[in-house]
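**Q** Two chains, two frames, some hints: make the complex.
Chains A and B are the protein sequences, given in the same order. With this note's numbering, the residue at position 325 of the first sequence is 328, and numbering never jumps. With this note's numbering, the residue at position 77 of the second sequence is 1458, and numbering never jumps.
Since the hints were made in silico from the structure, they are not lab data. Think of the CB as a built atom: it goes at the ideal place given N, C-alpha and C, for glycine as much as any other residue. Incorrect hints may appear among the rest.
If we take Cβ atoms under 10 Å as the criterion, some of the chain B residues that face chain A in the derived model are [unchecked claim]:
hint, residue
1, 1614
2, 1618
3, 1640
4, 1657
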Amino acid sequence: MTTLDIRGLRLRLPHTARPVLDGVDLAVGPRETVALVGESGSGKTLTSRTVLRLLPEGAVAEGTVEVAGQDVLTMTAKELRDLRTRTAAMVFQDPRAAINPLRRIGDFLTESVVLNKVLTSAAAEARAVELLEAVGLTSAALRRYPSQVSGGMLQRVMIAGSLMGDPKLLLADEPTTALDVTTQAEVVSLLGDMRERFGTALLFVTHDLGLAAAISDRVSVMYAGRIVESGPAAELFAHPRHPYTKALLDSTPDPDAPPGRLTAIEGQPPDLREELSGCPFAPRCVLATAVCTEQAPQAAPAPGNPAHTAACHHSDRLGTRLEGETVDA
Amino acid sequence: MPDRTSATAAPAASPEALLEVTGLCRSFGDVRAVDDVSFVLPPGGSLGIVGESGSGKTTTARIIVGLERADSGTVRVRGQAHNGTGRGRAARLARARRVQMVFQDPYLSLDPRAPVRAVLAETLKLHFPGTDHDARIHELLDQVGLGARAADARPRELSGGQRQRVAIARALAVRPEVLVLDEAVAALDVSVQAQILNLLADIREETAVGYLFITHDLGVVRCVTDDVIVMRSGRIVEAGRTGEVLGRPAHPYTRLLSASVPRPGWDPRAIGAARRALAEEDAAAS
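The following block holds chain B by itself, in its conformation from the complex (with noise of 0.2 Å):
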């Protein structure tokens, strides 16, 4: 068997990786939403994380742009401490430079009142005050394939791939190293998932960006990432080179999750039968 786990045994600070997460962990009361959780991002490269809800891959994502804290654990970015120390402004603000995100809802994520300038221009404010940034606004509209008559609009004349598009380029305003995309293509429609799926892609392609791709669908996993660890009831139960997890699945709940894709030939008795007995396993071991 191929060695599965080499994801997520985080070697001690290696000066490769983009981000670097180490036991992380986090409960809410008697769940443990997080459990030990370690896995590292090199420069560059595509993460997904998968699971179904409760899994904890969304309170991971949170941790590491810092909407949540962690009860224990590290998170580095290019070896420095990115969680814990300095909740002041600049430490905010410098995190924020290095690690952004792109949520589910587009609609919900933008200020309905803002045009798409102005939520653009909000941002590079308070990163780079001082500034002129109408230059980069257009460079940043250009770069998710949005033209320059969209500056203008508000969210509610934007269709929905056209607002997921816009909090791209917000996220994308400040050059960070690592974008955390949790659920960011799930709302849409095919034709348009497929249209973000590719513009991801060439942005990865021209900036080097990182990314931590959360997710439940699998496809888009395959399609986007590198490497990918499945998470389930706060932990990593496998992790690898994203073909040969999904291609060959080790852990039974991967197995699960792989077969309850549908597809032409699909059983949901079985893939019914086969989750039921891996909640049974959990109760035996518990």
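In isolation and in its complexed conformation, chain A is listed as follows (with noise of 0.2 Å):
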């Protein structure tokens, strides 16, 4: 069974135009890493959430978001609770924001398993300490406040504090984000350790194109609530079939790359306050035609390889038309 299945999710929010998810298809199966990619108001924040139904006030939610072969969408409370706290957890991005300061680091990572009695407060510390150890830190650290740690100890602390009630998927939102290269490097090596040895599927929110090839199986690219391209990662890094994809690699600055001028897309991504016909990225795209503006494309595979899909009318003209092709700012 597939860990995590959104199939056709439309979310609306009050005061706009479009939804902010707009059939969002997604798959995340034991084991396997999935990056979900895309720039800031793209909806992979939203989406993430939405598997643990932490919706904004007023959001309408159609479509499905199975976890573990159950609609989250239509949970009951104590259904959600167990949720939450058994089935799936997510390690958000600033663990300063997300752990009470005042509590110490024990409090926070057996709270939600003893009062939901997963767990007797014995077994829970126990439990702590395991994990403790497992992330790299010792029992030590249950007697701490959130202050007396860096930060990357403390996303640690969260990564830990997620596994608690043995996830069967892992949602982590910009885990690396707010940390230093060197150490992001251990935060991901830990993400894929625990993945190997309690067998968690795990959803990587991220907008580092360069981090996403490195630590995933398939990726997904979103842009303006929609996905535009999902495929096997090094085959859609080395062969994009949607052009957002292809103009988001060539605005990345490449440390190996000789230096030069970048190629930037032109122009903003479309407000939410605006209706949206055809493609959401026609505007900014070189290959848009009248087409795309008319008819909004609908998910293809590519030619000899059904994994890799791209909602895009022109994606064979891709690689072709695009090379030697500069878009300045």
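**A** Listed below in structure tokens is the structure:
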């Protein structure tokens, strides 16, 4: 069974002209790492939060979001509490904002599983010590306050905390963005270890294409609330089939490339107050033609590679016309 | 091995240096945040300072713009002392006309109540009182790629990239010789970041302003700097031409930084091991 299976997820917020999430399909299997990539406002964080039904006020969701076979969107309060303690857990971007600074780290780790009677407090403490050791800390951290440890250490605490209920699915929302690059490597390798050891599926939300390429089995790229491209990580980055993916790759400064001008993407993502017709990327796209503004492209598989899909009318023209073309800011 | 220390070995008051920093030190309590930092920025040059949090790169930048005082060491702009003496208004204004700064977060560095025109007019009035600034405001907006329509917008009506353009326009308003950019593109999405990096390259070409580019991002450094210094725990561990330092890093810390940039085939476990080895070496040395 697929650990996470999102189908046709459409999310509307008050005071917006179009859905913030518009027909999102996304699946993560056991032990699989899927990266959800996009820029701010693309809907990637909202998608991951919907998995725990952490929705903004007034949000209306359609479609199905199944975690281990159960639809999150129709769960009762009790089922939802169970989901959040035992089945799926979130590692947030900023551990200092997500962990209560007035409570000891031990309390943070054990509170949820004890309150929800998953474990007795003695068993919870034993589990906390085991997980702290797994993330490279010691039981001494239990007695510490968040302010007494570094940001990198606190992010490990958060990862340990997310594993307390032995979840099948881990959602990580930019878990390394607030960290230094060398610390980022440690946290990522830790997430990989945890996945191997505990068999969790991982949905990794990030804006960093290099990081997504380095750690994930599959990648989905979001733009304006839609998944515009999905596929095996190596394949997707080597042969992008959506002009937005290609443009993102081209605009990322590469330490290994010779210096010089970057290929920027002209314009800005569409505003939520405006309705969209056709392809949301069309106004910024160098390949756009009349059909792009008239008709929304549907996800279509790449020739000979059904796992690689892109929602673009001109996928087959990519890599021919885009080469050598420069779009200036 | 190429001479990686040339950028740090600052000769006394070299006449052709735009910005010359010599023996800068600053401690906070027991922490030596900046420890004997020296470098030279040539006219129209672009120098990157890379390092992680706590490396002292931001404190160095803040000393150079005058937001922080050094315990010892000198900062010279075109051979003239830039720090230390003259805390009066006139001296501060004179210093601000030579060195300007662009901050990381354009959401915090702009007054939310002030329209863009007022932001630029305030700076111009302060430095060039009694003249008409409309033409100059127009010119500045044009220079950073903002239309005249943006002049009447308040920051909340602008995107992050547009706000950072305003911050750059404000810094350029006094025609500074040195622009200090402290993580100036770090808060932007990559597509917008690329627009701003290209804009900065254009401005340098047009105005011959010198850049001091503080960043943690090696890709950004590669893209916009000629020379780079790598800082760790307040000290410069490596310095040289950007291509050389990133292409063939000599210091183990630079190698670690370079290996830490995620790319296909990336090995986070090896990086973790290298990081711990370096920390142990430090512990053994102290």
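**Q** Now tell me if each hint is right for this structure.
**A** Taking the hints in turn, this is what the structure says about them:
Taken as an interface hint, residue 1614 of chain B does not check out: its beta carbon lies about 13 Å from the nearest beta carbon of chain A, beyond 10 Å. Look at residue 1618 of chain B: its Cβ only gets to about 14 Å from chain A, farther than 10 Å, so that hint breaks. For the restraint placing residue 1640 of chain B at the interface with chain A, the shortest Cβ-Cβ distance is roughly 8 Å, inside the 10 Å limit, so the hint holds. At about 9 Å, the closest approach between the beta carbon of residue 1657 of chain B and any beta carbon in chain A falls short of 10 Å, and the interface hint on this residue holds.
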